[in-house]
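Asks: Residue-level listing of the chains:
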Amino acid sequence: AQSVTQLDSQVPVFEEAPVELRCNYSSSVSVYLFWYVQYPNQGLQLLLKYLSGSTLVESINGFEAEFNKSQTSFHLRKPSVHISDTAEYFCAVSDRVGGTYKYIFGTGTRLKVLA
Amino acid sequence: DGGITQSPKYLFRKEGQNVTLSCEQNLNHDAMYWYRQDPGQGLRLIYYSQIVNDFQKGDIAEGYSVSREKKESFPLTVTSAQKNPTAFYLCASSMGTGVPNEQFFGPGTRLTVL
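These protein sequence lines map, in sequence, to chains E and C.
Position one of the first sequence corresponds to residue 1 (our numbering), numbered consecutively onward.
Position one of the second sequence corresponds to residue 1 (our numbering), numbered consecutively onward.
Rather than coming from a laboratory, the hints here were simulated on the basis of the structure.
Note that beta-carbon positions come from the ideal geometry of N, C-alpha and C, so glycine has one too.
One should not assume that every hint holds.
Said to hold, decoys possible - Pairs of lysine to any residue, SDA-like flavour, derived with a Cα cap of 20 Å:
hint, chain 1, residue 1, chain 2, residue 2
1, E, K49, C, N53
2, E, K102, C, K9
3, E, K49, E, E15
4, C, K71, C, F104
5, C, K57, C, N26
6, C, K83, C, K70
7, E, K102, C, R44
8, E, K49, C, I60
9, E, K49, C, D38
10, E, K102, C, V19
11, E, K102, C, T79
12, C, K70, C, S7
13, C, K57, E, G98
14, E, K102, C, S7
15, C, K71, E, K69
16, E, K49, C, K9
17, C, K70, C, Q6
18, C, K9, E, Y39
19, E, K102, C, G98
20, E, K69, E, Q2
21, E, K102, E, V31
22, C, K70, C, N26
23, E, K69, C, S7
24, C, K9, C, P75
25, C, K57, E, V97
26, E, K102, C, A61
To be verified - Some residues of chain E that are not near chain C, with every Cβ distance over 12 Å (derived):
hint, residue
27, V4
28, V11
29, V19
30, S30
31, S52
32, L56
33, T72
34, P79
35, A92
36, R96
37, A115
As the list claims (entries may be wrong) - Rough simulated footprint, nothing fancy, chain E against chain C, three-plus residues with beta-carbon under 8 Å:
hint, stretch
38, 11-20
39, 36-43
40, 68-79
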């Protein structure tokens, strides 16, 4: 079965500094990868996804992630963070089990942007 | 506006009581899911449903029950058999479980057992 590891539970970073949130998944023939963001006491919102094609995917608010099959990673990056990026970020993988795609989530990384 | 609604936002329950959490979607999605979120543990799948009148247990189904009588609705009942029900509950939907689509999440219900 698939598993997802987010090694960093918390990442503090100063405003306008770059950030990388790490995500590794266990190997599989085909993987579909997602990053979600959660603001306090809210549901999750999709940030970006990799289904196929270009290994570099981007979101509308400046985040990007790169699918690296050899390292089984899907790290999330942003070159310059804002205070408003403070939130919890979840990496997820969709894996086919029988005829069904199920979603496995990492334990989350809490990003705190400092002024 | 299309989306997923969950109610109530906050719910308090006495030990030994059953409670039902509501989840409604108007996205015309076939698949719906219930997750439980605890600090530091990410999201854990309780139940999911691919079509009306059909649902499957997830990883932590014990002490919970669901129904799927309508495409739009997927209520979750937390029974008295659930040993530690205090948590944040999230409902989600997606176009179908036959393809790897992203999930859309509701705003969540925070359940506290007194």
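Asks: So which of those numbered hints doesn't the model satisfy?
Replies: The structure conflicts with hints 1, 2, 3, 5, 6, 8, 9, 10, 11, 14, 15, 16, 23, 27, 30, 31, 35, 36, 38 and 40, although it agrees with all the remaining ones.
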